[in-house]
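Participant: I would like the entire structure built from these sequences, with the hints used as guidance.
Listed below are the residues making up each chain.
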Amino acid sequence: MENEVKLTVGAMVTFAIAVSALVVLPYIQVSDVKPPEGLKPYTSAELRGRASYIANGCMYCHSQQPRSESFAPDAKRGWGRASVPGDYYYDSPHLLGSMRTGPDLFNVGVRQPSKDWNLGHLYQPRAYVPGSIMPSFPYLFEVKDKADPDEETLNLPPGVAPPGKVVVPKPEVLDLVKYLQSLKHEYPVLPPEPHDAAAPAAAARPAS
Amino acid sequence: MDSAILSLLGAFLLSILGLFAFIWSLRKGLLVENPKAASAIFVQGEIGHAEDPALDPARQHQLKAAAAEPGDTDHPPSAGELADRLAADRSSAFPVFMFIAFACMWLLFGSIAGLVASLKLHWPDFLVSEAWMTFGRIRTVHLTVVLYGWITNAELGIIIWLMPRLLRTPLIGNMWIMLGGALVNIAIASGIGAIGSGWTDGLEYLEMPWQIGIFFAAGMICIIGPVMTTLVRRKVESLYVTTWYHTAALLWITMLFIVGKIPGVHFGVEQATMNWWYGHNVLGLWFTPVAVGAIYYFLPKIIARPIRSYNLSILGFWTLAFFYAQVGGHHLVGGPVPGWLVTLSIVQSMMMIVPVLAFSINMGLTMKGRMRLGLYSPTLRFMMFGGAMYFLSSLQGSFEALRSVQQVAHFTHFTVAHAHLGAYGFVTMVLFGAIYFMMPRILYWEWPFPRLISLHFWLAAIGVTIYFVGLTYGGWLQGLAMLDASRPFMDSVNVTLPWLRWRSVGGSLMVASHVVFVFHFLAMALRFGPNRAGAALFTQQPKDLEPAHGE
Numbered sequence: 001m002e003n004e005v006k007l008t009v010g011a012m013v014t015f016a017i018a019v020s021a022l023v024v025l026p027y028i029q030v031s032d033v034k035p036p037e038g039l040k041p042y043t044s045a046e047l048r049g050r051a052s053y054i055a056n057g058c059m060y061c062h063s064q065q066p067r068s069e070s071f072a073p074d075a076k077r078g079w080g081r082a083s084v085p086g087d088y089y090y091d092s093p094h095l096l097g098s099m100r101t102g103p104d105l106f107n108v109g110v111r112q113p114s115k116d117w118n119l120g121h122l123y124q125p126r127a128y129v130p131g132s133i134m135p136s137f138p139y140l141f142e143v144k145d146k147a148d149p150d151e152e153t154l155n156l157p158p159g160v161a162p163p164g165k166v167v168v169p170k171p172e173v174l175d176l177v178k179y180l181q182s183l184k185h186e187y188p189v190l191p192p193e194p195h196d197a198a199a200p201a202a203a204a205r206p207a208s
Numbered sequence: 209m210d211s212a213i214l215s216l217l218g219a220f221l222l223s224i225l226g227l228f229a230f231i232w233s234l235r236k237g238l239l240v241e242n243p244k245a246a247s248a249i250f251v252q253g254e255i256g257h258a259e260d261p262a263l264d265p266a267r268q269h270q271l272k273a274a275a276a277e278p279g280d281t282d283h284p285p286s287a288g289e290l291a292d293r294l295a296a297d298r299s300s301a302f303p304v305f306m307f308i309a310f311a312c313m314w315l316l317f318g319s320i321a322g323l324v325a326s327l328k329l330h331w332p333d334f335l336v337s338e339a340w341m342t343f344g345r346i347r348t349v350h351l352t353v354v355l356y357g358w359i360t361n362a363e364l365g366i367i368i369w370l371m372p373r374l375l376r377t378p379l380i381g382n383m384w385i386m387l388g389g390a391l392v393n394i395a396i397a398s399g400i401g402a403i404g405s406g407w408t409d410g411l412e413y414l415e416m417p418w419q420i421g422i423f424f425a426a427g428m429i430c431i432i433g434p435v436m437t438t439l440v441r442r443k444v445e446s447l448y449v450t451t452w453y454h455t456a457a458l459l460w461i462t463m464l465f466i467v468g469k470i471p472g473v474h475f476g477v478e479q480a481t482m483n484w485w486y487g488h489n490v491l492g493l494w495f496t497p498v499a500v501g502a503i504y505y506f507l508p509k510i511i512a513r514p515i516r517s518y519n520l521s522i523l524g525f526w527t528l529a530f531f532y533a534q535v536g537g538h539h540l541v542g543g544p545v546p547g548w549l550v551t552l553s554i555v556q557s558m559m560m561i562v563p564v565l566a567f568s569i570n571m572g573l574t575m576k577g578r579m580r581l582g583l584y585s586p587t588l589r590f591m592m593f594g595g596a597m598y599f600l601s602s603l604q605g606s607f608e609a610l611r612s613v614q615q616v617a618h619f620t621h622f623t624v625a626h627a628h629l630g631a632y633g634f635v636t637m638v639l640f641g642a643i644y645f646m647m648p649r650i651l652y653w654e655w656p657f658p659r660l661i662s663l664h665f666w667l668a669a670i671g672v673t674i675y676f677v678g679l680t681y682g683g684w685l686q687g688l689a690m691l692d693a694s695r696p697f698m699d700s701v702n703v704t705l706p707w708l709r710w711r712s713v714g715g716s717l718m719v720a721s722h723v724v725f726v727f728h729f730l731a732m733a734l735r736f737g738p739n740r741a742g743a744a745l746f747t748q749q750p751k752d753l754e755p756a757h758g759e
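As they're listed, the protein sequences go chains A and B.
Going by this note's numbering, the residue at position 6 of the first sequence is 6; the numbering climbs one at a time, nothing skipped.
Going by this note's numbering, the residue at position 419 of the second sequence is 627; the numbering climbs one at a time, nothing skipped.
Here are the simulated lysine to any residue pairs, SDA-like style, with alpha carbons at most 20 Å apart:
hint : chain 1 : residue 1 : chain 2 : residue 2
1    : B       : 443       : A       : 5
2    : A       : 6         : B       : 459
3    : A       : 76        : B       : 699
4    : A       : 170       : B       : 336
5    : A       : 34        : B       : 546
6    : A       : 76        : B       : 693
7    : A       : 6         : B       : 443
8    : A       : 6         : B       : 235
9    : A       : 6         : B       : 526
10   : A       : 170       : B       : 406
11   : A       : 76        : B       : 692
12   : A       : 6         : B       : 432
13   : A       : 170       : B       : 339
14   : B       : 244       : A       : 4
Derived by calculation from the structure, the hints in this document are not laboratory data.
Facilitator: Structure below.
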């Protein structure tokens, strides 16, 4: 075992096995996944909002992967049914997330469709959810004495806006809210097929 | 065929294969101990000469007296072989100094970013006026800086310092290594700027935009070239286990990074499996093997006794290489990914107990009856602490992968605590110890204020303990609250708050320890304090200092 060739080749073989198992096989298995019928591609405003979501690191506190009822009460919290690979057809990069410092957002568009609520909550989360530890995002808004005629102002709960001023959302936060509103994955899907039962499940597909 | 028969058949084949492996290892004599290979880190006559370059001469003497055992000879170590080591050290001094200096700078920067991110979780309106200050960016800056800036630079420094030493061959291709180091650090600095300004690839651990990642990959390739050339032109016949770990890790991280960063290939949930394959392998195939390799060198070196079992260390290497590479899927338990993949990763996570036990038994037996030497040598204390935390964090990680534990721990701060036990309690503490050992040999200058080393150790050790214990408990409460559908979501936030505050307390102690460490490093580099070891960087050593160097 004193041989550097053995070392290098051995290290690369174990590495290749891992790449095959965790990267290549999933690639092959999900490469033919089709988007579910109920899933719409993002609009360009929603895509800009998604880019904001990524740039500001929302996914470090919010997951986008509700789990099945046998595993966790995600559905009971209104986070939606368990997600399937097809739900992510238009997602690049993926935003599955690894933390739930805040709630799962995969169906936040269903749960919280109000534009005013979402904008105000981004401006000051604690005005809507007492005890929330989500950061406020004042840099996504402009505070002015008076809004220009073509600008919309935020309808904030009393006492949240600086006294005598109005709060105007910047375009990027308007897009971000459009993205949040678009997060709806209520359409029905078949449960993930067991591997050896692939054929009957495929035959049953038109039923959905 | 149903799954029960398949798994029985699998178990049968596996045990037959295991039997053949056992017979093969018997024939190869792998079950007979190999003390010669275990002693490869010592020159002739060096065993019994305990060495901690971070100590002043008086304490050095105390350590030596305490480490003496019956049967030691008084022969001085072989001067010729020491000259080889001196030449090897001198050949690598400048690149290693560069990596360690970058690492120290990034450590300070990254841990302050981490503390700010920690404070933000319980003071949510703290520093929110600018986009770059928001939690999502500061947290990511912290991660990128400590992972790539601190740990990666420090580990490159250790690899490049130990490689010529263990091969007893001067380092070849210094200029390439310096170029590689420059490229790697340009990539890290630009990556941080990009993340701060909102330009990110958006995948955890892989946030650095791929355009910048090209520099990182090119830098790593520039470093691999000279290391492999030195390896091929070595003077020693057999490779010590540290070289195994370090060479393999260098190749792994480069391949990992390139596969993870290829633009336009990964999609949807496949991207998620790739993401966690990468995320866990950065720890498993880069941080861990380099730190484990460093313990395999520094720990026996300080106490001047070979490790107990060389073959056990090789078993540890191959099982780590095989099992650790496949554990990443456990980050997606319950997620929308193929079930077999998660199961495979959980099984391999449990199998990780094998290399961890191989390491721990080996180190435990090597240190048996010699634990008290930790009282004399702070460097050894860092190594012992790191080794113990490797055992604990890996064991915790194996059980954390189980579905029943994940049900509670997944998506909570419990995981964050676990990550810090591994990356800080284990890896970072080992890196500290290694830097304390290496620097006097690189700069030919002693640590000016040895008491600061102890202060650093205790601040860091107490800090990470508070961090880990508090956040683990808080994270578990958070998980239980989230699993209980009758409790509102905000309960899971409220129960963590006291523990998030304790995390900031622990984090402050860790940052304070880094201030001490980096101050001490600068004081040494700028040649403050009493000069005891003499001669500056790059000047020839006077002949009479050479034997002292190898003591």
